[in-house]
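The lines below spell out each chain.
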Amino acid sequence: MIWAIAALMIWAIGWWINVRLANGPVSDHAAVKVLIPSIFGLTVVVIWELLVVGFDVNPVILPAPSAIVERLLSEGPRLWADFQQTIIKGAMTGYVIGGLAALGVAILADRSDFLTRGILPVGSFMAALPIVGIAPIFVKWFGSDWESKAAVVAVMVFFPILVNTVAGLRDTSVMQRDLMRTYGAGYWPTLFKLRLPAAMPFLFNGLKIATTLALIGAIVAEFFGSPTVGMGFRISTSFGQLALDMVWAEIVIAALAGSAFYGGMTLIEKRVTFWHPSQRQRR
Amino acid sequence: MKSVLPVLTVIGAILMFWLAAVVPMNMHLVADQAQRDGLSVTPVTPIERQDVSGVGLALRNAHLIPLTYNFVRPRLPAPQQVAGEMYATVFEKKITSKRSLVYHGWVTLAPTLLGFFIGTGLGILLAVGIVYSRVMDASVMPWAIVSQTIPILALAPMVIVVLGSMGIQGLFPKSLIAAYLSFFPVVVGMVKGLRSPDAMQLDLLRTYHASGAQGFWALRLPASVPYLFASLKIGISASLIGTIVAELPTGAKAGFGARMLVGDQYGQPLVSWAALFAAALTAAALVGLFSMMERVTLRRMGMRTA
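Protein chains in written order, with numbering that gives the first Met the number 0: chain W, 0 to 282; chain D, 0 to 305.
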């Protein structure tokens, strides 16, 4: 009981600090904007710890955050190997292949208005489908190592990137295209100097959506067969051994990798599309 | 309407590609089977055939090509085989039969819809909270956005097993995942939508001396409807994908995900492919349903379809 009260107290304190911060005079400060969600996250973790310890929750159901951190530290090399297998080899390779293929098809299709009008609806339809279901089939086709994961990821990321790029390549005004024509620019200069740059905000939108899909594809595909390394493999086997703290450690890694991947894409986007209204700094 | 022909062309191209791929994908299996049946096959031993690509083998054994389209256990089934299997399991089996795709579809669809409604309801509530409370906005919103970048879907099977070990089974665990996956798109979309009225419109309401509640019901809520529908379409397909992934590796006995896995494990590729396409059609139908509702609602509200 005392633990529950302590948890409630901490919740109240954390919330009170946040109320003061959010409604106080410094609420627009950049540091405070990071501080408030951090405090919120921290209170949630502390309460989780208190409740798990206090109510003696079976670690098979929900391990304490401290146990997860312990695993993260003690199993470093193994987690790193899993990370390389799943994220670097599986997800990244597939992401690059799928992205390049989508970009190529988009540029090819863009040459014909007819094809564009066909690809946009079909592509956005495909993007909403449960493509991850092909994972068992692909594992059978390409073997259980990372190649099959990369293939699943490539197909999963293909359609969102394709649709966004095709939409982006069309996003130039008649005036801009006429200007290029008065300069005597042919197809290729127009593509590289006008249409591709104009498509970048859309392309990055697709690339950002695809980051999460890539990780999901790589991890889920490992459930259907993998060498004895990899995040999906580790999650399912640790689960069989009831080592839930290890499962959660992998979840933390997956979450960090997902956020970093997305964050990295956002950074690149900022550098590439600095001219776009949504990226200009508000002063 | 003018995009019907292009769409058909693209679909046709995909079908042609599929039809062309069937031959090399199945050629080795077909050649092995043909030899066992006493037909002549050009590299005679299976080991020699391993070194020849699928296309090469097809060129040398042109008489075997038709067989690739009707192979019993193909690596890549032909379109008409998948369609036949789907027709057989959707229309020719009783709905209560364990082999009926309609039965499996409902097993998947029920938790999807339940979870979707829970997730959407909670998502709208949280969005209202975020819009009206600075603290919630500052502390919860960043997490809602970050959570979109986390591959939580990959953990769906584990959630099912954990809840199963606690004795919670059936509809609820799967709907929990469906709810989670539709929750955040709705939160993010609704926050955007509820904030979409500009300062001028809010000021106008203030000059009318409208109360906060009136402002909410008369301005903010209607203004958020287009955003809500955009989120609903993302949410429903995310929910369905979540339920299917949850069924995939957990030893579920029924549902689209279970069918995909069963077909894979017991060497019945047609079962997997039929389930895959049935799931795709279900997703398409759900998204289509919401698009239709969107169009009707927005038209009746006097808004343009986005």
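Each hint should be verified, as a subset may be incorrect.
The calculated lysine to aspartate or glutamate pairs, modelled on EDC-like cross-linking and capped at a C-alpha distance of 20 Å, are [stated by the list, open to error]: (1) W:K139 to W:D170; (2) W:K192 to W:D144; (3) W:K88 to W:D170; (4) D:K191 to D:D136; (5) W:K139 to D:D31; (6) W:K32 to D:D31.
Among chain D residues calculated to face chain W with C-beta under 7 Å, some are [as the list claims (entries may be wrong)]: (7) V9; (8) P150; (9) L280; (10) A282.
Computed footprint of chain W on chain D; a stretch qualifies when at least three of its residues, placed anywhere within it, have a C-beta under 8 Å from a C-beta of chain W [claimed, not checked]: (11) 201-208; (12) 234-241.
It is worth saying that the hints were derived from the structure and are not from the lab. C-beta atoms are modelled at their ideal positions from N, C-alpha and C, and glycine is treated no differently.
Outcome of the hint check:
{"no.": "1", "hint": "W:K139 to W:D170", "in the structure": "41 Å, violated"}
{"no.": "2", "hint": "W:K192 to W:D144", "in the structure": "41 Å, violated"}
{"no.": "3", "hint": "W:K88 to W:D170", "in the structure": "34 Å, violated"}
{"no.": "4", "hint": "D:K191 to D:D136", "in the structure": "12 Å, holds"}
{"no.": "5", "hint": "W:K139 to D:D31", "in the structure": "18 Å, holds"}
{"no.": "6", "hint": "W:K32 to D:D31", "in the structure": "66 Å, violated"}
{"no.": "7", "hint": "V9", "in the structure": "4 Å, holds"}
{"no.": "8", "hint": "P150", "in the structure": "4 Å, holds"}
{"no.": "9", "hint": "L280", "in the structure": "9 Å, violated"}
{"no.": "10", "hint": "A282", "in the structure": "5 Å, holds"}
{"no.": "11", "hint": "201-208", "in the structure": "violated (count 0)"}
{"no.": "12", "hint": "234-241", "in the structure": "holds (count 3)"}
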